[in-house]
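Asks: Model the full assembly from the supplied sequences, consistent with the hints where possible.
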Amino acid sequence: MVYRIRNKGFNVWAPAVSPRAFTARKTKTSLEVSRHVTLQTHISRYAGMRLFHNYRRISRAWKQFLMGDKIAEQLAILTLKSHIARPFNYNAPIENSFYVGRTWADIWDRHYSLFASNQHPLQLDSYQNYNDFVKKLNCSDYANQCTETLESVDKLKEKRSKALETSEGETLSPEDITDIYIEVMAEYRNKHGLTGKSRDEAGEYVDYLETRRPFGATAQ
Numbered sequence: 000m001v002y003r004i005r006n007k008g009f010n011v012w013a014p015a016v017s018p019r020a021f022t023a024r025k026t027k028t029s030l031e032v033s034r035h036v037t038l039q040t041h042i043s044r045y046a047g048m049r050l051f052h053n054y055r056r057i058s059r060a061w062k063q064f065l066m067g068d069k070i071a072e073q074l075a076i077l078t079l080k081s082h083i084a085r086p087f088n089y090n091a092p093i094e095n096s097f098y099v100g101r102t103w104a105d106i107w108d109r110h111y112s113l114f115a116s117n118q119h120p121l122q123l124d125s126y127q128n129y130n131d132f133v134k135k136l137n138c139s140d141y142a143n144q145c146t147e148t149l150e151s152v153d154k155l156k157e158k159r160s161k162a163l164e165t166s167e168g169e170t171l172s173p174e175d176i177t178d179i180y181i182e183v184m185a186e187y188r189n190k191h192g193l194t195g196k197s198r199d200e201a202g203e204y205v206d207y208l209e210t211r212r213p214f215g216a217t218a219q
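Start counting the sequence shown at 0; every next residue gets the next number (numbering that gives the first Met the number 0).
Hints in this document: simulated from the structure, not taken from any laboratory.
Think of the CB as a built atom: it goes at the ideal place given N, C-alpha and C, for glycine as much as any other residue.
Accuracy of the hints is not assured; some may be wrong.
[Said to hold, decoys possible] Here are the simulated DSBU-like cross-link-like pairs (lysine-lysine), alpha carbons at most 30 angstroms apart as the crow flies:
1. Lys154 with Lys190
2. Lys62 with Lys135
3. Lys190 with Lys158
4. Lys134 with Lys158
5. Lys135 with Lys161
[Said to hold, decoys possible] Label pairs and their calculated CB-CB ranges:
6. Asn128 with Arg159: 46 to 52 angstroms
7. Asp178 with Asn128: 28 to 34 angstroms
8. Ser33 with Asn128: 41 to 47 angstroms
9. Ile106 with Met66: 35 to 41 angstroms
10. Cys145 with Thr102: 42 to 48 angstroms
11. Glu167 with Leu136: 30 to 36 angstroms
Replies: Structure follows, in structure tokens:
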């Protein structure tokens, strides 16, 4: 099988200064064996090429199920790159180790069969997140809540700004903006039943189904 990468920048993940730039240094032959430690490694460039090729195969197999939805395609690309490209972003060239790189490439070969059948966990999770996103996008109640929250922020900012000497250059600081956001979101949570607290109005813990009792107390 011939791997033909048409995109010349496909293999470019980082600047030239990278741990993947293997430099063949001059070999020293006059070493004192009793004091010099030598490590023999097997560097495989074939495994790294398989990884890039698997990314292209999987991305194409995944996109065929997205029906041309550009937002879903971008979500798929970001999800796939974040997993396959993680060692590249962390500057951990594991593909240079023969067994680790080959094992990693073999694993992604098996992942491809799940992507091609549209049953991979990454696909199912991204579909769920995208459906939730679209559901909120088309929910009139959620849109009204967002509009109400933005209006509350603007009103509170206007109220706080009136107490400042704007003629002398006073403006709301980042701390003031943070306090406004915290106050508005607290009102939003209380209004819509999102407590975000561990105790209720009676002072009882809300993370337990039963009422807390002192140790040794019996139910009446």
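Asks: When you check the alpha-carbon spacing of Lys135 and Lys161, does it fall within 30 angstroms?
Replies: Measuring from Cα to Cα gives roughly 35 angstroms; hence the hint is violated.
Asks: For the pair supplied as a hint, Lys62 and Lys135, confirm whether the alpha-carbon distance does not exceed 30 angstroms.
Replies: Given pair Lys62, Lys135 holds - Cα atoms ~23 angstroms apart, limit 30 angstroms.
Asks: Could you tell me whether the CB distance from Ser33 to Asn128 stays inside 41 to 47 angstroms?
Replies: violated (60 angstroms)
Asks: For Asp178 and Asn128, compare the CB-CB distance with the range 28 to 34 angstroms and indicate the outcome.
Replies: holds (32 angstroms)
Asks: Cβ-Cβ distance between Cys145 and Thr102: within 42 to 48 angstroms?
Replies: holds (47 angstroms)
Asks: Does the Cβ-Cβ separation between Asn128 and Arg159 fall within 46 to 52 angstroms?
Replies: Given range 46 to 52 angstroms: violated, Cβ gap about 36 angstroms.
Asks: Taking 30 to 36 angstroms as the stated bounds, is the beta-carbon spacing between Glu167 and Leu136 within them?
Replies: With a Cβ separation near 44 angstroms, Glu167 and Leu136 fall outside 30 to 36 angstroms, so the hint is violated.
Asks: Does the beta carbon distance between Ile106 and Met66 stay inside 35 to 41 angstroms, or does it fall outside?
Replies: At roughly 29 angstroms between Cβ atoms, Met66 and Ile106 fall outside 35 to 41 angstroms, so the hint is violated.
Asks: Are the Cα positions of Lys134 and Lys158 separated by 30 angstroms at most?
Replies: Between Lys134 and Lys158 the Cα gap is close to 34 angstroms, so the pair fails against 30 angstroms, i.e. violated.
Asks: Are Lys154 and Lys190 close enough, with their CA atoms no more than 30 angstroms apart?
Replies: Since the Cα atoms of Lys154 and Lys190 sit roughly 17 angstroms apart, the hinted pair holds (cutoff 30 angstroms).
Asks: For the pair supplied as a hint, Lys190 and Lys158, is the alpha-carbon distance within the 30 angstroms limit?
Replies: Within the cut-off at roughly 21 angstroms; holds.
Comparing the model with each earlier hint shows violations of hints 4, 5, 6, 8, 9, 11; every other hint is respected.
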